Amino acid sequence: MSSRSIEEYLEAIYRLSIEEAPVKTSRLAEYLGVAPSSVTEMIKKMSELGYVEYSPYRGVVLTESGRSIGEKITRRHRLFELFLTKVLGINRDLAHNEACEVEHSISDETEKSLCRFLGSPNTCPHGRVIPACDLDVSTCEECISLNSLEVEKVGRRRKSLVPLTWLREGSRGVIEFIRGEHKTLRRLLDMGLTPGTRISVIRTAPMNGPVEIFVRGSRLAIGKEIASNIFVSMEKRGESD
Amino acid sequence: MPSCHVDTGRNKESGKGFIRVALAGNANVGKSVLFNQLTGSHQIIGNWPGKTVDIAVGNLFFEGYKIQLIDLPGIYSFSTYSEEEVISREYIATESPDIVINVVDASVLERNLYFTLQLLEMDVPLIICLNQVDMARKKGIDVDVKALEKVLGVPVVPTVAIKGEGIYELMRKVVELYGEADRRHPVIRYDEEIERRIGILVDMIRERGIDLGYSPRFLAIKLLEGDVEIKRQIWSLDKDVARKAEALAYEIIELYDAPSYAVISSQRYKVISDIVSRVVRQVEVEKSPGDWLDILTTHRILGYVTSAGVLALLLLWTFIVGDMLSSLLENIINIFHPVEPVVTGPLWEVLLNGAIGGIVAGITLVIPYVVPFYLYLSVMEDSGIMTRVAFMIDSLMHKIGLHGKAIIPLILGYGCNVPAIYSTRIMETRRERILTAFAITLVPCSARTIVILGLVSRFLGFEWALLVYLVDILVIFTVGKMLTKIYPGESTGLIMEIHSFRVPSIKVVLRQTFYRTRSIIYLVFPLYIVGSALVQGLYSMGVLSPINSILSPITSGLMGLPDVTGILLVFGFIRKELILLLLPSVYGSLNILLFMSPLQIFVLSLVTVLYIPCISTLAILAKEFGWRDTIYISLGNLITALFVGGLTYHLISILTGII
Chain B
1 MSSRSIEEYL EAIYRLSIEE APVKTSRLAE YLGVAPSSVT EMIKKMSELG
51 YVEYSPYRGV VLTESGRSIG EKITRRHRLF ELFLTKVLGI NRDLAHNEAC
101 EVEHSISDET EKSLCRFLGS PNTCPHGRVI PACDLDVSTC EECISLNSLE
151 VEKVGRRRKS LVPLTWLREG SRGVIEFIRG EHKTLRRLLD MGLTPGTRIS
201 VIRTAPMNGP VEIFVRGSRL AIGKEIASNI FVSMEKRGES D
Chain U
1 MPSCHVDTGR NKESGKGFIR VALAGNANVG KSVLFNQLTG SHQIIGNWPG
51 KTVDIAVGNL FFEGYKIQLI DLPGIYSFST YSEEEVISRE YIATESPDIV
101 INVVDASVLE RNLYFTLQLL EMDVPLIICL NQVDMARKKG IDVDVKALEK
151 VLGVPVVPTV AIKGEGIYEL MRKVVELYGE ADRRHPVIRY DEEIERRIGI
201 LVDMIRERGI DLGYSPRFLA IKLLEGDVEI KRQIWSLDKD VARKAEALAY
251 EIIELYDAPS YAVISSQRYK VISDIVSRVV RQVEVEKSPG DWLDILTTHR
301 ILGYVTSAGV LALLLLWTFI VGDMLSSLLE NIINIFHPVE PVVTGPLWEV
351 LLNGAIGGIV AGITLVIPYV VPFYLYLSVM EDSGIMTRVA FMIDSLMHKI
401 GLHGKAIIPL ILGYGCNVPA IYSTRIMETR RERILTAFAI TLVPCSARTI
451 VILGLVSRFL GFEWALLVYL VDILVIFTVG KMLTKIYPGE STGLIMEIHS
501 FRVPSIKVVL RQTFYRTRSI IYLVFPLYIV GSALVQGLYS MGVLSPINSI
551 LSPITSGLMG LPDVTGILLV FGFIRKELIL LLLPSVYGSL NILLFMSPLQ
601 IFVLSLVTVL YIPCISTLAI LAKEFGWRDT IYISLGNLIT ALFVGGLTYH
651 LISILTGII
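So the protein lines, in turn, are chains B and U. In terms of the working numbering, the first sequence has 22 at position 22, counting the first letter as 1, and numbering is strictly consecutive. In terms of the working numbering, the second sequence has 124 at position 124, counting the first letter as 1, and numbering is strictly consecutive.
Do not take every clue at face value.
[What the hints assert, rightly or not] Computed, partial: chain B to chain U, Cβ under 7 angstroms: (1) 187; (2) 216; (3) 223.
[To be verified] Ranges between beta-carbon positions, derived for each pair: (4) U:546 - B:86: 51 to 57 angstroms; (5) U:308 - B:91: 36 to 42 angstroms; (6) B:182 - U:643: 54 to 60 angstroms; (7) B:34 - U:473: 32 to 38 angstroms; (8) B:88 - U:546: 57 to 63 angstroms; (9) U:477 - B:206: 54 to 60 angstroms; (10) B:206 - U:237: 41 to 47 angstroms; (11) U:308 - B:48: 52 to 58 angstroms; (12) B:206 - U:282: 40 to 46 angstroms; (13) B:123 - U:626: 32 to 38 angstroms; (14) B:34 - U:643: 51 to 57 angstroms; (15) B:86 - U:507: 53 to 59 angstroms.
[Said to hold, decoys possible] Taking lysine-lysine and the DSSO-like style, the derived pairs with C-alpha atoms no more than 27 angstroms apart in a straight line are: (16) U:270 - U:150; (17) U:623 - U:66; (18) U:150 - U:139; (19) U:399 - U:270; (20) U:231 - U:244; (21) B:183 - U:399; (22) U:139 - U:66; (23) U:485 - U:623; (24) U:244 - B:86; (25) B:86 - B:44; (26) U:231 - B:183; (27) U:163 - U:146; (28) U:66 - U:138; (29) B:86 - U:481; (30) U:270 - B:183; (31) U:270 - B:159; (32) B:159 - B:72; (33) U:239 - B:183; (34) U:485 - B:183; (35) U:139 - U:507; (36) B:183 - U:146; (37) B:72 - B:24; (38) B:183 - U:244; (39) U:507 - U:138; (40) U:485 - B:86.
I should point out that these hints are in silico values taken from the structure, not numbers from a laboratory. Predicted model only: the values in this text are computed from it and were never measured. Beta carbons are placed, not taken as given, at the ideal position from N, Cα and C, and that holds for glycine.
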């Protein structure tokens, strides 16, 4: 079992669990184009390695370490895809295939430089959200203002982050990272969405509409695009001040 | 920058007994309600964030003092995000009012205090008006006024502005504070590293004698935050200070691994959380009826139903009430002075008839529709329903490069395009303003509504009139979508505060309707009158006669309309409803069906809706965006109208041919 195929699996589970978690093994087999029996076998091994939690009939859930790998591979995939289409003008299908190869082999430094070069992009060429990086920063400007290219100096974020738009109605989170340009960022800070602030999602409008959140005693409607660039760490139930 | 061109009477009446008071605070905290309660003067207010762009001034007399109130725009911060923020900041700096009343929403204290802290940094004589304490109590929020006073070091007066509660005490405090000599506030402190750097800059600013009207501390903080406007001013005044500030700001970046403004905002909010935890007591309360309304208006299906219902009802109400009022007023005016659409005779008589025609049309055709329209809209805005509509419709507006907030200017367009275009100021970027303005020019205002009702609804039936509206909405979205491609650029997203529902105040609604209507009379009537006289004069001199034949290839060739519509469309440029009013006199009969086919009637009304902004709209477009963009918008309208008109004509001709 190569690390590469583990990464492939984790990436697939990561993407599928956005739609529905736990992920059914049959769905996973369909997505990866392999036999259900080999999926089950693989999942069991990955479960032993601590990447996933598997319960027969229900499906697969990523553990913290599995999630961070799946997220990172997805991020690299989408960044590279964007680079190929936007900068080199390669068509989307080819870009997707190439990205599937490269995503396993690029370094943290390359990932970071790619992100900077592309201007901290929000979405891949297919319009899917690029996950946040795992550097310990709370805005993109922080990353840009750092001179060294060495990722280790910046430090790693311990928590896994999700965009605000993924939060269900009624769930809570803590703002950790805001991606995007200066003006919007400033506005959000002024409205009280500073890193470390607790928020809760009141509701989401249908058809890719805005998210209404509760923050610092006020209610704010935030458009989908902006909201998908606000990354939060989820608060576990029962956790309080 | 359109700075504060308000005559504050500073030079005329300074001295004893005259107090100049500025009202400042977040949008929708009841600032305008307070202003109205105190002065009874004009002010547009509503449950809509950031509406007040112009600065309103009013006077009152209190205990022998003459108090002048200045209502500043509702803003969330003193950064340079919007024009309103710059205007407010510069007003306080350059006009230095005697007292600033910071109106604060007690139920959203934490977010509101962010602005309060910046006012404290400006070191202005400050009073906090803790408004809507009743709403806060309903939400289970109890603010300890004495404790808040102590921690902020300024007077805090709890009020319920809408009911007039606490207003007397507030004015008492104004007079009291006016007499006091020392108004220094205790400094709200950031952490050591930031404070040390603020200190260095403050000393330098004092030493060099730099005075922009702001306190040295405020200047220092803004410089460290990297405020573009302040930095620009300092660079031109003293390069050493500017350089030092940059170096210090950079040190903060290095130290905290974060942009300096993010560090400062975060610390400011940290101080606030601390204050709030000391002065606010929160208890759980039962759901209020507003919560149920909330669920209904933002439900994934019912939300659209209520949004559509609110808008459909608006149009229906306007049609019915407008029609009633219009015929009533027409009958009254006809008793005194029957007006012919076009007369012949001596030039002065023609001009006079044109001018009177303009006035009469304004009174009998525009006002009756606009008043009920604004009345209804004001109720919806003040209640808070419109923010929910904006929330639901945001994703749809994104398709035409706009966001939810643009719905207000668009809907206003159904009343009259002129104030609607003015209200595009609530949009964040110039591109968004122009896109919104363009969409507005395609919205049938009350004058065009009259044409649709008088022509299509009367001769073809109401369902066809409805079809005109639907086609128009389709056109707005198609053209809007195309425009985002032709005119690429920055689009901001929606960041909008959602306020609690409230029962609209009758006083507020009536006043808002009155001043919106009045603004139409000011902006539209002059051009209505002069334009009508002019075009009728030209007509009677025969200057316009060749127009029908010149335009014939377009009117009859492209769109299958009768040749006489050429001149009608020229008149329609002045007043759209003239297209309807002049038809009988052109044909010499009231039964238009004898001369025009149903298809021609349908196409003519579509073209009327789309073809060009009327002269008053053109004037406001030019004022807001300059002539170049105004010409682009007008050309865009014309091309759209010709395309839609031509397509409809040919398509239906072919279809009916087949059948």
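Checked hints:
Interface restraint check: residue 187 of chain B against chain U, minimum CB-CB distance 6 angstroms, threshold 7 angstroms, status holds. The closest approach between the C-beta of residue 216 of chain B and any C-beta of chain U is roughly 4 angstroms, which is under the 7 angstroms cut-off, so the hint is satisfied. Look at residue 223 of chain B: its Cβ gets to within about 3 angstroms of chain U, closer than 7 angstroms, so that hint holds up. In this structure the hint that residue 546 of chain U and residue 86 of chain B lie 51 to 57 angstroms apart at CB holds, the actual value being about 55 angstroms.
Between residue 308 of chain U and residue 91 of chain B the C-beta distance comes to about 41 angstroms, which sits within the given range of 36 to 42 angstroms. A beta carbon spacing of about 40 angstroms between residue 182 of chain B and residue 643 of chain U contradicts the range 54 to 60 angstroms that was offered as a hint. Hint check: residue 34 of chain B to residue 473 of chain U, Cβ distance near 49 angstroms, so the stated range 32 to 38 angstroms is violated. Checked against the hint of 57 to 63 angstroms, the C-beta distance between residue 88 of chain B and residue 546 of chain U comes to roughly 59 angstroms, which is consistent with it.
At about 18 angstroms, the CB distance of residue 477 of chain U to residue 206 of chain B disagrees with the hint of 54 to 60 angstroms. Taken as a hint, the range 41 to 47 angstroms is violated for the pair residue 206 of chain B and residue 237 of chain U, whose Cβ atoms sit roughly 53 angstroms apart. Taking 52 to 58 angstroms as the suggested C-beta distance range, the pair residue 308 of chain U and residue 48 of chain B conforms, at roughly 55 angstroms. Between residue 206 of chain B and residue 282 of chain U the Cβ separation comes to about 31 angstroms, which falls outside the hinted range of 40 to 46 angstroms.
Distance hint for residue 123 of chain B and residue 626 of chain U: a CB-CB separation of about 35 angstroms, consistent with the stated range 32 to 38 angstroms. Taken as a hint, the range 51 to 57 angstroms holds for the pair residue 34 of chain B and residue 643 of chain U, whose Cβ atoms sit roughly 53 angstroms apart. The hinted window of 53 to 59 angstroms between residue 86 of chain B and residue 507 of chain U holds, with their beta carbons roughly 56 angstroms apart. In summary, the hint linking residue 270 of chain U to residue 150 of chain U is supported, as the alpha carbons are separated by about 18 angstroms, within the 27 angstroms threshold.
The suggested pairing of residue 623 of chain U with residue 66 of chain U is violated, with an alpha-carbon distance near 36 angstroms, which exceeds 27 angstroms. Restraint check: the Cα-Cα separation between residue 150 of chain U and residue 139 of chain U comes to about 24 angstroms, which is no more than 27 angstroms; the hinted pair holds. Taking the CA atoms of residue 399 of chain U and residue 270 of chain U, the gap is near 38 angstroms; set against the 27 angstroms cutoff, the hint is violated. A C-alpha spacing of about 11 angstroms is found between residue 231 of chain U and residue 244 of chain U, which places the hinted pair at or below 27 angstroms, so the restraint holds.
With a CA separation close to 22 angstroms, the supplied pair residue 183 of chain B and residue 399 of chain U stays within the 27 angstroms bound. A distance of roughly 37 angstroms separates the Cα atoms of residue 139 of chain U and residue 66 of chain U; the hinted pair therefore is violated under the 27 angstroms criterion. The suggested pairing of residue 485 of chain U with residue 623 of chain U holds, with an alpha-carbon distance near 26 angstroms, which does not exceed 27 angstroms. For the hint linking residue 244 of chain U to residue 86 of chain B, the alpha-carbon distance of about 40 angstroms lies beyond 27 angstroms, and the restraint is violated.
The straight-line distance between the Cα atoms of residue 86 of chain B and residue 44 of chain B is roughly 39 angstroms, outside the 27 angstroms bound, and the hint therefore fails. Proposed proximity of residue 231 of chain U and residue 183 of chain B is supported: the alpha carbons are some 16 angstroms apart, at most 27 angstroms. Under the criterion of a C-alpha separation no larger than 27 angstroms, the hint pairing residue 163 of chain U with residue 146 of chain U is consistent with the structure, at around 23 angstroms. Distance restraint check for residue 66 of chain U and residue 138 of chain U: the Cα-Cα separation of roughly 36 angstroms exceeds the 27 angstroms cut-off, and the hinted pair is therefore not satisfied.
Proximity of residue 86 of chain B to residue 481 of chain U is assessed by CA-CA distance (about 23 angstroms); at most 27 angstroms being required, the pair is judged to hold. A threshold of 27 angstroms between alpha carbons decides the hint, and for residue 270 of chain U with residue 183 of chain B the separation of about 22 angstroms falls inside it, so the pair holds. A hinted pair counts as satisfied when its Cα atoms are at most 27 angstroms apart, and residue 270 of chain U with residue 159 of chain B qualifies at roughly 22 angstroms. Between residue 159 of chain B and residue 72 of chain B the alpha-carbon distance is near 13 angstroms, which keeps this suggested pair within the 27 angstroms criterion.
Distance restraint check for residue 239 of chain U and residue 183 of chain B: the Cα-Cα separation of roughly 26 angstroms lies within the 27 angstroms cut-off, and the hinted pair is therefore satisfied. The straight-line distance between the Cα atoms of residue 485 of chain U and residue 183 of chain B is roughly 23 angstroms, inside the 27 angstroms bound, and the hint therefore holds. Of the supplied pair hints, the one linking residue 139 of chain U and residue 507 of chain U holds, its CA atoms being roughly 25 angstroms apart against a limit of 27 angstroms. Annotation: proposed proximity of residue 183 of chain B to residue 146 of chain U is violated, straight-line Cα distance about 37 angstroms (limit 27 angstroms).
As the CA atoms of residue 72 of chain B and residue 24 of chain B are separated by approximately 22 angstroms, the hinted pair is consistent with the 27 angstroms bound. Between residue 183 of chain B and residue 244 of chain U the CA atoms are separated by roughly 24 angstroms; this keeps the pair inside 27 angstroms, and the hint holds. Taken as a hint, the residue 507 of chain U and residue 138 of chain U pair is honoured in the structure, with Cα atoms around 23 angstroms apart against an allowance of 27 angstroms. Annotation: proposed proximity of residue 485 of chain U to residue 86 of chain B holds, straight-line Cα distance about 18 angstroms (limit 27 angstroms).
Violated hints, listed in ascending order, are 6, 7, 9, 10, 12, 17, 19, 22, 24, 25, 28 and 36; each of the other numbered hints is respected by the structure.
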